[in-house]
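Going down the list, the sequences are from chains C and U.
Under the working numbering, the first residue of the first sequence carries the number 1147, and numbering increases by one thereafter.
Under the working numbering, the first residue of the second sequence carries the number 15, and numbering increases by one thereafter.
Incorrect hints may have been included.
Only some residues are given here: those of chain U computed to face chain C with a beta carbon under 7 Å [as the list claims (entries may be wrong)]:
| no. | residue |
| --- | --- |
| 1 | Leu25 |
| 2 | Ala27 |
| 3 | Ala29 |
| 4 | Phe41 |
| 5 | Asp92 |
| 6 | Leu95 |
| 7 | Asn122 |
| 8 | Gln126 |
| 9 | Asn130 |
| 10 | Asp144 |
These are computed hints drawn from the structure, not numbers from a lab.
Because the structure is a prediction, the values reported are computed rather than measured.
Think of the CB as a built atom: it goes at the ideal place given N, C-alpha and C, for glycine as much as any other residue.
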Amino acid sequence: MNKKLIYFATLLIILSSSVIFIYFNLTNPSIPSVNDISTLSNTNQVSIKYITSNYANYGNVFDPIVNINVQTPKGIKSMEFLLDSGAVVSAMPKSTLEDFNMVFDDLNRIVVKGHGSTFFAYMSNITVEINGKTKEIPVLFTNTDVGSKVLGRRGFFDQYNIEFNSEQQKIIIKEFN
Amino acid sequence: MNMEKMSYKKLTAVALFLTLGLSVPIFSYLAQQKTDKQTSASTKSRQEEVNLASITQFDTTKPMVINDIPFWYGKAGDEVLIIGDQLGETEGEIFVGKVKVLPTYWDNNNIQFVLNENMRSGDLIIQRIDGKSVKWSGLIDVYSSVKKEQIDINGNFIIFTNFKPGSTINIITDDSLISQTKSTTVSTLQDKNKIYSYPLNTPRFVVEFENLNRDLLHNIYVTYNGAVVPFKLGISTIEEQIGNIEKLNNPNNIQPVE
Chain C
1147 MNKKLIYFAT LLIILSSSVI FIYFNLTNPS IPSVNDISTL SNTNQVSIKY
1197 ITSNYANYGN VFDPIVNINV QTPKGIKSME FLLDSGAVVS AMPKSTLEDF
1247 NMVFDDLNRI VVKGHGSTFF AYMSNITVEI NGKTKEIPVL FTNTDVGSKV
1297 LGRRGFFDQY NIEFNSEQQK IIIKEFN
Chain U
15 MNMEKMSYKK LTAVALFLTL GLSVPIFSYL AQQKTDKQTS ASTKSRQEEV
65 NLASITQFDT TKPMVINDIP FWYGKAGDEV LIIGDQLGET EGEIFVGKVK
115 VLPTYWDNNN IQFVLNENMR SGDLIIQRID GKSVKWSGLI DVYSSVKKEQ
165 IDINGNFIIF TNFKPGSTIN IITDDSLISQ TKSTTVSTLQ DKNKIYSYPL
215 NTPRFVVEFE NLNRDLLHNI YVTYNGAVVP FKLGISTIEE QIGNIEKLNN
265 PNNIQPVE
C-alpha cells in the first residue's frame, strides 16, 4: 500500500481527533475540582471559576454551579448545587432522599406557592461543609425526580456575601460575622 | 492529487489545511444547535404542580364547593391544601373531626391549614365568615408519626397504617354490607358472611364502605406471609367501640375466621 497515503490518512485522523477533543472540552467542561467550596481556604472566603454552558439562542452563559460536601448516613458525599438567589430555600429532588435514608413520610409536608405554580414539598435540614466549616441548612425535598439541587436564600445567601465577578470570571463566597 | 509526487511536508500541510478548514464550518453548525441545558434557574418549573381551581370572585349567590384536597391525610406538622370555590375572601372557620383548626392561608379558592398533635381523623367542615358552611365528602385522615401497625374506623372508612407492603387485608362482614373500594377477592362464607381481601402496597390504605354499619362488621385482620400481623386500634376506633369492643378482635388475640 502506498506509504504516503497511509501517512496522510493517519495524520488526518490524529488532527481531526485532536480538534474534536479540544472543541468538546471547551464547550462541555466537566465540573472541575475548582468548584468545590467545601475545602478550607486560608481566608474567610472561597473563590471559584465560572463554568459556562452553551445555550440555544443565547450562546455561552455561565452557570453558578458549586460542589459541596454533604453529610449523609452513608458518609460525606460531594453534591452539585446551583446557586439560586431566586429560591427562598434550598431544594433537592426526591431522588436524593435515598442518600439520607429518608422517605417523605419522615418529613413534614408544606404547600409551596410562587410564580404562578403551587406544589407540595417536604421540609428537612442537611449538614454541609463550606470553607472547611460544617453548617446546617434548611432544604425542601421536592416531589420530582428531575431538576437541579439549588442553594437558596435561607441558610446560604443570608449567611454569605456572594459576589459574581464577571470581569474576573469567578464567584466569591465570603462568610461574614 | 497525486500523492506519490507530493513530499511529506506538502502532505502534512494539506492534512492540516483540510482538518482546520472543515472543522470551522462543522463546529459553527454544532454551536448553533439546541443544547440540552435547561434555561430555568431553579427546579420550580419542573415540580409536580397542583391544579388549582381558577381564581374566582366572591359571590354569595354561588354555592360553596370543595373541589379537591390533594393530600387529605397526614401526620402532625403536615400542611393540607383545600381547593374550592366561594370559600370566602376572609378567614372563616375550619373543623376537622369537630375540632376547630386555625388556617395558615385563606382566599376564595384555597385554604391551607397544618395538622397538629391534638387532631384526630374526621369530617372536614369549612364555615365561611357569613355562617354558610360546606362538608367535604371525604375524610381528613390524621395519623401518628410513630410507625406502628394501626387500624382506624371512621365514618365509612377503615384505615390501615404502617403495615408492610405485601400484606393482605381481610375484612369479614355481613353479606349485606357493601364495600366501595375494589377488592381482589370477595368470598362468601358458610355463615352468610363474606370476606373482602385487599393487597396492601402502600403504608396507608383505606377501604371505603357504602354505609359502614359496625354491627355488620365481624372481623378485621392483616396477614403477612400467611401470619396474622398484630396491630393497635386507632384512637377513634377505640373511642367509638367502647362497650362494643368485642366486635373487633383484641390485637393480642387475633384469630381469623375460617
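Hint status (Cβ of Asp92(U) to nearest Cβ of chain C, threshold 7 Å) | Check passed: Cβ of Asp92(U) comes within 4 Å of chain C, closer than 7 Å.
Can the hint on Asn130(U) be confirmed by a CB-to-CB distance to chain C that is less than 7 Å?
-> Nearest chain C Cβ about 11 Å off; hint violated.
Taking 7 Å as the limit, does the beta-carbon of Leu25(U) come near enough to a beta-carbon in chain C?
-> holds (5 Å)
Please verify that hint: Asn122(U), Cβ, nearest Cβ of chain C, below 7 Å or not.
-> violated (15 Å)
Hint check: 7 Å Cβ-Cβ cutoff, Leu95(U) to chain C | With a closest approach of 5 Å, the Leu95(U) hint holds.
Cut-off 7 Å, beta-carbon criterion: hint that Gln126(U) touches chain C | At 5 Å from the nearest chain C Cβ, Gln126(U) passes the 7 Å test, so the hint holds.
Does Ala27(U) pass the interface hint, meaning its C-beta sits closer than 7 Å to a C-beta of chain C?
-> violated (10 Å)
Holds or violated: is there a CB of chain C closer than 7 Å to the CB of Asp144(U)?
-> Cβ of Asp144(U) sits 25 Å from chain C, so the hint is violated.
Does Phe41(U) pass the interface hint, meaning its C-beta sits closer than 7 Å to a C-beta of chain C?
-> With a closest approach of 5 Å, the Phe41(U) hint holds.
Would you settle whether the hint for Ala29(U) is holds or violated, based on the nearest Cβ-Cβ distance to chain C being less than 7 Å?
-> Nearest chain C Cβ about 4 Å off; hint holds.
The structure does not agree with the numbered hints 2, 7, 9, 10 stated previously, though it agrees with the rest.
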